[in-house]
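Undergrad: Given next are the chains, with one letter for each unit.
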Amino acid sequence: MSTSLKSFLLHVFVLCLLAVLYFVVSEYHSGNLARILVMAVYAMGYNVLFGYTGLLSLGHALFFASGMYGLGLSIEHLGLSAAPALVVGFISAFIVAAVIGFLALRTSGVAFMIVTLMFAQAGYLTILLAGKYTRGDEGFVIQQGDRVIAGIDLSQADNRYFAALLLFGVCFLFIAWLVQTRFGKTLVAIRENPERARMLGYDIQRHKLLAVIISGTLAGAAGAAYALLFGYAGATFSTVQYSIYPLLWVLLGGAGTTIGPLIGTVFMTYLIDISSEYTSAYMLIAGLALILLTLFAPHGFAGLIRKKLFSWLP
Amino acid sequence: MEFGPYLFIASLEGAITAAVLALTAVGLSIVFGIMRVVNVAHGEFFMLGAVIAWWITSLVGGHPAYGFVAALIIAPILVGILAIVCDHLVLRRINYDPERTIVATIGLLYVIQQTTLMTFGPEARPVEAPFNKRIALPWFEHTEQGFALTWPWGLSTTTYKLAVIGAAVFILILLWVLMTRTKFGLIMRATQLDSEMAQAHGIPVNRVYAMVFGLGAGLAALGAVLIVPIQQAHYLMGGDPLLLSFIVVIIGGLGSVVGTIVAALFIGMSDGIISVFFSPTLAKIIATLAVAFVLVFRPQGLFGKPER
Chain A
1 MSTSLKSFLL HVFVLCLLAV LYFVVSEYHS GNLARILVMA VYAMGYNVLF GYTGLLSLGH
61 ALFFASGMYG LGLSIEHLGL SAAPALVVGF ISAFIVAAVI GFLALRTSGV AFMIVTLMFA
121 QAGYLTILLA GKYTRGDEGF VIQQGDRVIA GIDLSQADNR YFAALLLFGV CFLFIAWLVQ
181 TRFGKTLVAI RENPERARML GYDIQRHKLL AVIISGTLAG AAGAAYALLF GYAGATFSTV
241 QYSIYPLLWV LLGGAGTTIG PLIGTVFMTY LIDISSEYTS AYMLIAGLAL ILLTLFAPHG
301 FAGLIRKKLF SWLP
Chain B
1001 MEFGPYLFIA SLEGAITAAV LALTAVGLSI VFGIMRVVNV AHGEFFMLGA VIAWWITSLV
1061 GGHPAYGFVA ALIIAPILVG ILAIVCDHLV LRRINYDPER TIVATIGLLY VIQQTTLMTF
1121 GPEARPVEAP FNKRIALPWF EHTEQGFALT WPWGLSTTTY KLAVIGAAVF ILILLWVLMT
1181 RTKFGLIMRA TQLDSEMAQA HGIPVNRVYA MVFGLGAGLA ALGAVLIVPI QQAHYLMGGD
1241 PLLLSFIVVI IGGLGSVVGT IVAALFIGMS DGIISVFFSP TLAKIIATLA VAFVLVFRPQ
1301 GLFGKPER
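For the protein sequence lines, the chains are A and B, in the order given. Take the first sequence: its position 190, counting from 1, is numbered 190 in our numbering, and each next residue is one higher. Take the second sequence: its position 147, counting from 1, is numbered 1147 in our numbering, and each next residue is one higher.
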């Protein structure tokens, strides 16, 4: 079997497994899984930039929140229906990503991390400052009547799960395809050795900017989908913590692998879910995971699998 | 109150912010300058300083000044030792790689913060100031009889607040003496200039790094002990000092101690003044955007030589 066929079968298998899981697990877990699928889209978006292009952003919550508030505010204040509001969410994330990418990519390394962190922090504070419209930390609920696309009520558990799975599936296959293209391979080349990629004649600034835009738009799509499926938009989603989460998920699952973000999101969400039953200090787990991963397993789960078992893992 | 006295009181509050900020930010700055790493857990060392100060003052009986003096000495030392342990267990093992250090110190941030939540609890707890006499401040007013000294209602400060400013200045002078007039300072500066060359001349670079990391954390803790009688100890109090220190260190030029102090004065004062007259949130938005744009448009100027 050729590698690309194996990889295609793997992706289809994962999607079928996720579809079957809905009918097997309890209602509590399927609700959790719907949330995880949306967050995995966020992680996959992050992975395009961090895992494949090698740019570590500490401000992705800004893109997530752009999608979330693009959708939420246009429903709440412009009276749009769900489908056009979703498009507004995507477009606002796209625009924010393009602007931030254009500015932040003038820097590199540690400066890039701080600049993205600062822009995201400014975004969070702006959401608080505009509390009249966004209701700040408290956030606002999107009414059930506004969460209907083409007659399908997305607040119903089954519709919600399969809507999340559809979004996840599209993004999953898109990234699996993207990283096989010339463009995707160039991103990896930039990650491995930017100087050499430039010497070979690639316009690395343009590639990096496109990577930020793709990454940011996917993060925004996850944010918009989250607001639509779970009916809530709040400033918490734009805090630093929500910029750290995708980094953690991707590191844990395996940076630069298509399946890593999903593994990391599932694992971390359940770890935090279980530990929060015992203590309110559940972020302790996240902190320990970050330290241990940097020290002992910088390539995550999927990285280990790729190294020990299947070298073809995409 | 009229505008003049109001501005006066705002700048006084700003000066206190600036004094404590200068200590915290100088800690972050020497760590970056000498070790070339960004310590995201710096705000948590600040928080630990305040929490340990509360703990010590609650253990020591008698006049509040005894407990406070004990806290002023013990808290920075304990925090410094903890930082040295962190350096030894984590940072050294990843070879101070800039990007991995940031991820690891984010992890440290959560570990320290959440451990404090589990042990110290979510409440804000006060520490009594060693002395706290309210003093009314005079104001010059132009009346029909010419200039006169008046004591407008509400224009007052406390002796402790003034002492904080004095203490911060004193500690910064001590630090300057340490950096420029002692052998340890010489070794630190040598390591900052060229760590490989320093190693080749027999300077134990790893031990210097550990000491510097401890010193930086200790300075943050010291700032926190000074501010805690005004602000109360809380497990989330590290966020703002971290953000403000970042801003100060970047605007002042990463690694430059003098630049950091000047920037701390500027940011602390303007933060105090903007917060009083406008909204504190707006003040922070302006400051964070300023940092982002400084880094975007003058990266080399503020980071020293361009990377790679």
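Calculated from the structure, these hints are not laboratory results. Check before you lean on any hint, since a few could be wrong.
[What the hints assert, rightly or not] Mimicking SDA-like on lysine to any residue, the simulated pairs with C-alpha atoms at most 20 angstroms apart in a straight line are:
1. A:K132 to B:T1281
2. A:K132 to A:L210
3. A:K132 to B:I1285
4. A:K132 to B:S1195
5. B:K1133 to B:I1285
6. A:K132 to B:A1283
7. A:K132 to B:L1282
8. B:K1183 to B:V1164
9. A:K185 to A:L200
10. A:K185 to A:L210
11. B:K1133 to B:K1183
12. A:K132 to B:Q1232
13. A:K132 to B:F1278
[Said to hold, decoys possible] Distance ranges between label pairs, derived from CB positions:
14. B:L1089 to A:Q144: 49 to 57 angstroms
15. A:L288 to B:N1206: 38 to 46 angstroms
16. B:L1007 to A:V170: 51 to 59 angstroms
We put the CB at the ideal spot given by N, CA and C, even for glycine.
Undergrad: Tell me the hint numbers this structure goes against, listed in increasing order.
TA: The structure conflicts with hints 2, 4, 5, 8, 11, 12 and 15, although it agrees with all the remaining ones.
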